[in-house]
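Undergrad: The lines below spell out each chain.
There are 2 protein chains.
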Amino acid sequence: MSKTYIFGHKSPDTDSITSSLVMCDLENKLGNADVVSCRLGNLNKETEFVLDYFDIEAPQLIESIEDDAEVILVDHNSPSESVDNIENAKILKLVDHHKIAFETSYPLFIRTEPVGCTETILFKLYKENGLTPDKTIASLMLSAIISDTLLLKSPTTTEDDKQAVKELAEIAQIDYEEYGLEMLKAGTDLSSFSIEEILSLDAKQIDFKDVRSIVNQVNTADIDDVMTMKDDLEAGMNKIIEDENLDLFMLLITDIVNSNSQVIALGKDVCLVEKAYGVKLEDNTVLLEGVVSRKKQVVPIMTENA
Amino acid sequence: MSKTYIFGHKSPDTDSITSSLVMCDLENKLGNADVVSCRLGNLNKETEFVLDYFDIEAPQLIESIEDDAEVILVDHNSPSESVDNIENAKILKLVDHHKIAFETSYPLFIRTEPVGCTETILFKLYKENGLTPDKTIASLMLSAIISDTLLLKSPTTTEDDKQAVKELAEIAQIDYEEYGLEMLKAGTDLSSFSIEEILSLDAKQIDFKDVRSIVNQVNTADIDDVMTMKDDLEAGMNKIIEDENLDLFMLLITDIVNSNSQVIALGKDVCLVEKAYGVKLEDNTVLLEGVVSRKKQVVPIMTENA
Chain P
119 MSKTYIFGHK SPDTDSITSS LVMCDLENKL GNADVVSCRL GNLNKETEFV
169 LDYFDIEAPQ LIESIEDDAE VILVDHNSPS ESVDNIENAK ILKLVDHHKI
219 AFETSYPLFI RTEPVGCTET ILFKLYKENG LTPDKTIASL MLSAIISDTL
269 LLKSPTTTED DKQAVKELAE IAQIDYEEYG LEMLKAGTDL SSFSIEEILS
319 LDAKQIDFKD VRSIVNQVNT ADIDDVMTMK DDLEAGMNKI IEDENLDLFM
369 LLITDIVNSN SQVIALGKDV CLVEKAYGVK LEDNTVLLEG VVSRKKQVVP
419 IMTENA
Chain Y
119 MSKTYIFGHK SPDTDSITSS LVMCDLENKL GNADVVSCRL GNLNKETEFV
169 LDYFDIEAPQ LIESIEDDAE VILVDHNSPS ESVDNIENAK ILKLVDHHKI
219 AFETSYPLFI RTEPVGCTET ILFKLYKENG LTPDKTIASL MLSAIISDTL
269 LLKSPTTTED DKQAVKELAE IAQIDYEEYG LEMLKAGTDL SSFSIEEILS
319 LDAKQIDFKD VRSIVNQVNT ADIDDVMTMK DDLEAGMNKI IEDENLDLFM
369 LLITDIVNSN SQVIALGKDV CLVEKAYGVK LEDNTVLLEG VVSRKKQVVP
419 IMTENA
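One line per chain: the protein sequences are P and Y, in this order. 424 is the number that our numbering gives the last residue of the first sequence; the numbers go up by one with no jumps. 424 is the number that our numbering gives the last residue of the second sequence; the numbers go up by one with no jumps.
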């Protein structure tokens with residue numbers, strides 16, 4: 119029997135990496151031994167912190183899959199965010215919390231919910247199957263929910279996420295607020311990254327109707343600190359715009375302590391940012407107060423105004 | 119608070135009608151009182167039999183919905199099979215067992231599984247929420263699973279469907295084989311239908327890649343009986359092909375006792391049927407032995423060969 123590959127999206131974040139590991143564990147417990155946890159890119163600092171903290175090996179790095187490979191998608195569904203050659207794979211299952219942009223010629227198991235984190239759904243699947251995640255798995259799930267919801271402060275946070283954090287913190291025996299802040303801060307350390315790396319850390323290619331865009335998000339505890347690199351960041355963004363023929367590149371520099379984002383926007387359609395948020399860019403940048411969620415506070419409003 | 123409309127696909131079958139009623143009951147039990155069960159077309163004979171048998175009122179007939187209406191989709195997800203103006207609705211949930219052709223700008227609750235019937239999934243949702251369907255609801259669920267799986271004989275049938283039938287028959291206190299055969303036979307009574315009605319009873323618009331097609335399925339206990347209408351059926355099919363600018367119209371006349379389908383195929387791309395099944399149409403028709411499932415034995419093989 120051939121292996122089933124389980125992976126999250128490109129430019130993986132803590133949810134994508136841990137969901138791949140956790141879904142593997144769940145499949146094992148449901149009797150599917152031949153599954154392998156994979157990732158589609160390098161770990162970010164936050165995820166490195168999490169795997170180091172709990173002494174867990176990273177999923178296997180893959181770039182493409184062979185024709186007819188069996189796969190399970192977690193934390194994404196759009197082919198543009200998935201592995202190369204996904205169009206020739208057989209998708210067995212999908213567990214996700216994003217908008218749907220997805221087509222198949224066959225039915226499959228799909229579980230999506232409008233919650234803050236894939237792990238919140240995976241935790242339900244454990245419970246629905248009469249299972250309890252062990253301490254390590256619970257720690258991974260907890261980390262991802264804290265990451266995606268910025269310690270339950272992001273507007274994407276739902277009651278289900280809060281309940282999951284409460285229950286998982288008990289299983290994991292972790293003070294989630296203390297651990298969570300330490301984890302989030304670890305994720306804001308950009309010191310070892312080149313400009314190119316910063317610009318791809320959490321970059322998503324999103325088309326706002328006809329506007330071909332990349333929206334990248336960088337978390338920080340100090341916006342000013344990141345803005346010292348503004349000239350270099352803009353040069354890098356302009357290069358990507360040219361290379362990938364983009365209409366818009368939005369870089370969100372998100373203050374995880376005060377819950378705001380400074381956006382740097384470049385490309386011929388920057389006026390869409392001004393229209394969507396009723397703001398005026400000055401020197402290509404503006405502070406978007408209260409904006410911390412790409413999914414909830416960027417994608418819908420940008421799509422609507424495109 | 120505005121109502122949430124719950125409906126299955128156009129040309130509704132027993133699964134679409136009962137899933138709408140059952141999902142309403144489930145939403146009520148989960149605390150959502152403001153839901154209304156709807157249907158997008160006339161009842162077929164089989165579904166009429168079911169609702170008469172258990173003395174249940176049919177869902178409300180609707181043709182389109184207003185902008186921003188909140189809806190729950192059951193037993194379908196493709197916009198082409200859904201209510202008019204679905205593109206301007208807010209889809210809250212989707213429970214289905216079909217292939218996915220679906221896009222949203224927001225995340226939502228989706229539960230799909232590759233099982234024989236939507237009701238098999240709904241039955242799991244009851245159980246996962248610690249609920250048991252009452253006798254009437256269980257009877258409706260049982261009817262739909264029998265209908266979609268042709269008494270558990272269709273190749274779409276899974277172990278989950280069999281298990282659900284076993285448990286639901288107990289709750290409903292019904293001899294499901296006896297009741298099921300009576301129900302399926304009631305569905306084959308075409309005496310009161312015009313040719314136009316027969317051609318729309320269970321018609322699905324499906325594009326096999328670029329081949330714009332309709333695949334209609336009519337169940338019967340006697341293929342010869344339906345074939346006495348062949349000339350009139352072909353005239354009606356040709357009219358629809360012309361009116362709707364189709365490349366292909368497949369009419370499957372499915373023998374529910376012996377599990378075969380006689381296909382009548384018309385349109386400029388009939389050669390696709392010959393290629394897909396390795397058969398030769400004679401006088402526009404051929405017997406497809408063992409073929410009873412549009413979803414499992416028509417859509418994938420036709421798409422692959424298109």
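Since the hints were derived computationally from the structure, they do not count as laboratory data. A couple of the hints might just be wrong.
[As the list claims (entries may be wrong)] SDA-like, lysine to any residue: derived pairs with alpha carbons at most 20 Å apart: (1) Lys242/Y x Lys327/P; (2) Lys245/P x Lys242/Y; (3) Lys163/Y x Ala151/Y; (4) Lys245/Y x Glu221/P; (5) Lys414/Y x Leu210/P; (6) Lys242/P x Glu145/Y; (7) Lys327/P x Leu148/Y; (8) Lys211/Y x Lys327/P; (9) Lys242/P x Leu148/Y; (10) Lys414/Y x Ala339/P.
[To be verified] One-sided excerpt, in silico: chain P residues whose CB lies under 8 Å from chain Y: (11) Gly159; (12) His216; (13) Tyr224; (14) Thr250; (15) Asp252; (16) Lys253; (17) Lys348; (18) Glu352; (19) Gly396; (20) Thr421.
[To be verified] Simulated DEER-style distance windows between Cβ atoms: (21) Asp328/P x Glu407/Y: 56 to 62 Å; (22) Glu246/P x Ser120/Y: 49 to 55 Å; (23) Asp325/P x Glu407/Y: 43 to 49 Å; (24) Asn378/P x Thr250/Y: 36 to 42 Å; (25) Glu175/Y x Glu246/P: 29 to 35 Å; (26) Ala353/Y x Glu205/P: 52 to 58 Å; (27) Asp325/P x Thr250/Y: 29 to 35 Å.
Note that this is a predicted model, so its numbers are computed, not measured. Using N, Cα and C, we set each Cβ at its ideal position, and we do this for glycine too.
Undergrad: Among all the numbered hints in the text so far, which are the ones the structure does not match?
TA: 1, 3, 4, 7, 8, 10, 11, 14, 15, 16, 17, 18, 19, 21, 22, 24, 26 and 27
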